[in-house]
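> Okay, here's what each chain looks like letter by letter:
There are 4 protein chains.
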Amino acid sequence: MAIEGHGMVRSLRIRLGMVGGGQGAFIGAVHRIAARLDDEFELVAGALSSTPEKAEASGRELGLAPDRIYTTFAAMAEAESRRKDGIEAVSIVTPNHMHLPIAREFLARGIHVICDKPMTATLEEAKELARLAAGSGRLFVLTHNYTGYPLIRQARAMVEAGELGEIRVVQAEYAQDWLTEKLEDTGQKQAGWRTDPGRSGPGGCIGDIGTHAYNLACFVTGLRLESVCADLTTFVVGRRLDDNVHVLLRFAGGAKGMLWASQVAPGNENGLRLRVYGSKGGLEWAQEEPNTMRFTPFGQPSRLLTRAGAGATAPAARVSRIPSGHPEGYLEAFANLYAEAARAIRTARTRGEPDAEVLYPTAEDGLAGLAFIDACLRSTAQDGAWVRL
Amino acid sequence: MAIEGHGMVRSLRIRLGMVGGGQGAFIGAVHRIAARLDDEFELVAGALSSTPEKAEASGRELGLAPDRIYTTFAAMAEAESRRKDGIEAVSIVTPNHMHLPIAREFLARGIHVICDKPMTATLEEAKELARLAAGSGRLFVLTHNYTGYPLIRQARAMVEAGELGEIRVVQAEYAQDWLTEKLEDTGQKQAGWRTDPGRSGPGGCIGDIGTHAYNLACFVTGLRLESVCADLTTFVVGRRLDDNVHVLLRFAGGAKGMLWASQVAPGNENGLRLRVYGSKGGLEWAQEEPNTMRFTPFGQPSRLLTRAGAGATAPAARVSRIPSGHPEGYLEAFANLYAEAARAIRTARTRGEPDAEVLYPTAEDGLAGLAFIDACLRSTAQDGAWVRL
Amino acid sequence: MAIEGHGMVRSLRIRLGMVGGGQGAFIGAVHRIAARLDDEFELVAGALSSTPEKAEASGRELGLAPDRIYTTFAAMAEAESRRKDGIEAVSIVTPNHMHLPIAREFLARGIHVICDKPMTATLEEAKELARLAAGSGRLFVLTHNYTGYPLIRQARAMVEAGELGEIRVVQAEYAQDWLTEKLEDTGQKQAGWRTDPGRSGPGGCIGDIGTHAYNLACFVTGLRLESVCADLTTFVVGRRLDDNVHVLLRFAGGAKGMLWASQVAPGNENGLRLRVYGSKGGLEWAQEEPNTMRFTPFGQPSRLLTRAGAGATAPAARVSRIPSGHPEGYLEAFANLYAEAARAIRTARTRGEPDAEVLYPTAEDGLAGLAFIDACLRSTAQDGAWVRL
Amino acid sequence: MAIEGHGMVRSLRIRLGMVGGGQGAFIGAVHRIAARLDDEFELVAGALSSTPEKAEASGRELGLAPDRIYTTFAAMAEAESRRKDGIEAVSIVTPNHMHLPIAREFLARGIHVICDKPMTATLEEAKELARLAAGSGRLFVLTHNYTGYPLIRQARAMVEAGELGEIRVVQAEYAQDWLTEKLEDTGQKQAGWRTDPGRSGPGGCIGDIGTHAYNLACFVTGLRLESVCADLTTFVVGRRLDDNVHVLLRFAGGAKGMLWASQVAPGNENGLRLRVYGSKGGLEWAQEEPNTMRFTPFGQPSRLLTRAGAGATAPAARVSRIPSGHPEGYLEAFANLYAEAARAIRTARTRGEPDAEVLYPTAEDGLAGLAFIDACLRSTAQDGAWVRL
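Chains as they are written, first to last, in numbering that gives the first Met the number 0: chain C, 0 to 388; chain G, 0 to 388; chain R, 0 to 388; chain F, 0 to 388.
What the hints contain is simulated information worked out from the structure, not anything from laboratory work.
Accuracy of the hints is not assured; some may be wrong.
FRET-style restraints, in silico, Cβ to Cβ [as the list claims (entries may be wrong)]: (1) R:Ala251 - F:Gln381: 46 to 56 angstroms; (2) F:Trp192 - G:Gly298: 17 to 27 angstroms; (3) C:Ala285 - F:Gly23: 30 to 40 angstroms.
Under 8 angstroms between C-beta atoms, here's a sample of chain C residues computed to sit facing chain F [to be verified]: (4) Asn269; (5) Glu283; (6) Ala285; (7) Ile321; (8) Tyr329.
Note that the Cβ used here is the ideal one computed from N, Cα and C, for glycine as well.
Taking the hints into account, I'd like the entire structure generated from these sequences.
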């Protein structure tokens, strides 16, 4: 296993900045823990809120040096790029509509970007950002964090190795229940921006979690989605964005699939699940119990694979810290993306040979995600017609 | 619980005949066990195969009196309807294309019909049979056997009582793997007729198991399906009927759903599952572990309901034989439909007041099933367009 | 699978009588369903209650011929043994203290005995009955029904074939909750006799369910228990027999084990579970989900075996009626013992070569069960000292 | 939830040293991640191995300042206690036999101690260390890390609040399989010292994991163990310490229990499980799926509690970082003990009022653990007699 196997000394920690993620935010704290877990990053600067007072208070609370607490991301990008000890990478954890302008600013100044998903609010923005990232010579890491789970890495490797045969059926789902009632009317911050088209973009549930399910399905199967038939619904009266997503999927090569995402399914907390079936076998995995995966070779008893346990493969072991039976969870999977980013950034530092095993979602994946959202919205607008991506 | 609570003496057992179900058949034996379990029926006559020698041998093996072993259903219908001790009901367990002519013959002679599903091979036939059944004054019981599970009865009652609030989302699935390879080429009897349009009708997986999932979803929710968008696929090269079914569902009143049925999903043996979510709570049930059901009232811990256990309701207890923790299964659920039929037949015998609690799928449900199959086939033929039922 | 594969015609059904199991009893009805399921037995006589009126009413309700409804078991034994069409076998489903006198009477008259467990109320009685059974030339089938589960048969065969290596650790448990409160004070019939030393014998929970767990552990592992250290407890104030059982086990050959049985463990309905570990692998099975078993070969991913599914062995398939994924349960397992009895009785009829695969618990097993109860009671009386069986 | 809610700035991070945990160790790295996760500690000094070269290399790899890499713990204690910026706390992660001398040294110099379990190798040592800790005025935190799981905190609170009624039965188990074969002969470091009486003390499995199960049972129930009957076994030929533990438990007040710990149970990776039953209800929890717990109020449907989900209580929420459905695992639970230690150390810094909610295992718990080990060894030495603690 990879526990502290990097052999890196802490004096070489990567200097990290953060935009967004101030007091009251959820995902900013997650990014900070993820960055800290393997001791590869040091948070040294932040523009943690668009509200100056909150930016200040948040920065102080995190112990940032006063001169590295910024009230705008632009000021931070400029100042940090001039410092000798300036940040090498920035984490963007704002609402979706700000991802593009912020990323543009930092990439332009040669700073690596680690960006939350979905990559942008609209497909147009995504196209621009993908273009910018490609031309920047810098890393762009999109935190589709579920791709960091060791057994998801193993699933991808097993599909790639042909252990499932030709993929036929992909069943992806992501069910939650937190928006079963009209939470956005209570002032709850998360519900507020995630149901606001101005900050989330035109997709609600489809953008917030549907993209995760889509990304995971493609990450594991390596398939390219060709067309969708989507039926997005808003069940809660007065809500401004969709809260339930039903999509039929057709992949290049003939595989078919279904994707269900919902934020109004009582009893589902964070039910991201993926089932993939091929001509030779299947795989079944659920995020809420991420340390086991069922492998079902056709005609044989099904097998219960465990993270780092018997039957674990190199791609899973590589991103495991502790032995099987000692559950790793969401934060560890998130941290795995930061660990991958760290490996890539260190390589970039030394202009060394890239590590072929480094694996993280890129701007291309982010663009694919926005194209998926866009296609689902177009299909829904045409009353559920099939549309091509 | 209902264990032997009917208070019926065996001398009054209902005299039953059977068409189909001879040696080598699967479902015929299941029907016989189901009929026998509660000691309400006595099998006294049979036309057990369309092959005369096999009909004879099968009848002898089951211990039928020689003069009540028939080689054609028509002969049986005629002879039995003339006997004083003739059969009161007949079970039809042939391939689908024979259901209509056989049922017509027995209904016409005043004999109750218990018929396997799907009701017929085509929608046209279903319309005719529904009309015949309605006008016959006799019972027509369609063995959508999964409606016999106690917790499915409880689920239906809970939805009806409003415990889930307004239904929003219905996720139905029925996954198997036995046709992952081209089993029909090996001479396996089940695979043979189920992939043969001449005997199964134009639907393969959709007719064999998709209808079960559809029927169960409607049985539990009480919703009426309005339109579907279906993508039926044949994955195994050379197979003549669909082996995978993806359908989006729109119900009257605004609920939405998905239905997945597959016979090519390795590791799935008989994975019929239903999840229903409303504005107040949800229910989740899986046929392979039928003695438990998860109930998820919004905002509260989810509850594990057990058949006949704490929290069991009258509709579940009524069709349970033994205490909770003592698993009942497929045969008991199947037998529950026979028990319901027995109750109704006894009432018919005495021209008594019908028991309001008697509940079984009827010809109307069978017609709805064929309409569903037809709509899915039409949608698929139009490349996945939405079609109305 | 074995579905109706016996090729027996119904005119040859085995004529069965029953002692006990009248109105309000639980296990009598279970025996009747079990006897009926495979159509091998016909119940033709009964002394169904020790209360004459109830015996009469129960017999009529079951449709017995009036002259074969008896009010004492002795009268039944005598009369039936004189009839040409007299019963060939009798099921004894009374409280424990009556098993010996009843069995003695029927064995003496050449009638096979199928007897509920524990075999007797005391060890002395068990010794006598074992002697009688051995000398009777008739079958004595003890309905330790859990040995009828197909996967339990498979587990036994796997251990015997050495797939687990040398057995080291045996963890058996049987947890219920129905006696958490003082149910016997409410007039509930089951609770009444099962907590009454006069009818149950000196063991409560240990006799009612502890013996099942013990029997199952020995049935699967083939091990012989050498000594026990038992701590039997009565938690409910005023209860006359133990309601919780903790036992350490030492087997001949060095294997060790634990047995927990409880009737005061809230949330446990009928939690019989067995886990067996050897030098090469382990097996884990739970009665409440009897259609799956986990097999854990050391150093490999664990495998999920299913009844009649991939990896099923001949001993499991032999006692399965329907395909995997179609759950069989408690009644089917119970019926498997009746089916085994039927095979043995048919062989006895014809004085044919015994079927080597026929397998059911015998009077020897019943004696072992009482010896186990006795040892646990002795150990408890000595404040938990180790005692030999 | 508590995510970064401490409001502490990083400049005030607690200065931490570590003894043991150099290259190749497992638990040292776990302690470091746990210390880092909430950004409350900074590792600044270490005597990471008893082999000087390894101590040096390990210190450099972790980025320690050269002058704070020590080759003996005594040198470290002396030097650090003299520095103005010396360590405030030390983590001891060596084999068991070194815990006492190291802890003595640091406590004597006024440095808080965080010590891995079991607290010492022998009961005598434990008594001395408990006395030293009590008199030191410094914290002694014993990392019985499983007490850090949020749902374990909730379980304890529920028992304390009387939701289970009077506790009757406690079933604790901790099953692993990694020593099924003679791993210690292969040179594997963990297996080496854990099966070596010189480094582990006289208990093998009982000390390594049996104490965890014992500690957890007492932590949750608040019961005091009075006597045990233990049957410790060494199944693997030639192994020097026990590898399987069977114990009957009697608690003060009348509750009874069982404890099974094994390192030779194939298919069990890290199967720590606790089930507690009282007169009003029960709780069931398993470490490998730590984010759910089954609560079984008698006579009601059982409830599935989730960490931080509906039904979560303050004690669970207090040590949760992320929402329910986002699994937390072993490292987070471990980190919770460090977070508790941090709260207590900060209070000690300011001589403030102690936080009544701070909760961690102490030297008293460590002493109880050694007394448990000692009693089990004495019982086993007397062939399984009951012995008092």
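> Tell me if the interface restraint on C:Ile321 is satisfied: Cβ within less than 8 angstroms of some Cβ in chain F.
holds, 6 angstroms
> At the C-beta level, are C:Ala285 and F:Gly23 separated by a distance inside 30 to 40 angstroms?
holds, 34 angstroms
> Does the beta carbon distance between R:Ala251 and F:Gln381 stay inside 46 to 56 angstroms, or does it fall outside?
violated, 22 angstroms
> Quick check on the hint: C:Ala285 CB to chain F CB, less than 8 angstroms?
Nearest chain F Cβ about 10 angstroms off; hint violated.
> Would the hint on C:Asn269 stand, with a C-beta cut-off of 8 angstroms toward chain F?
This interface hint holds because 3 angstroms falls under the 8 angstroms limit.
> Does the CB of C:Tyr329 sit less than 8 angstroms away from some CB of chain F?
holds, 4 angstroms
> Hint check: is the beta carbon of C:Glu283 less than 8 angstroms from a beta carbon of chain F?
Since chain F brings no Cβ nearer than about 16 angstroms to C:Glu283, farther than 8 angstroms, the hint is violated.
> Hint says 17 to 27 angstroms; check whether the CB-CB distance for F:Trp192 and G:Gly298 agrees.
Given range 17 to 27 angstroms: violated, Cβ gap about 50 angstroms.
Hints 1, 2, 5 and 6 from the earlier list are contradicted by this structure; the remaining hints agree with it.
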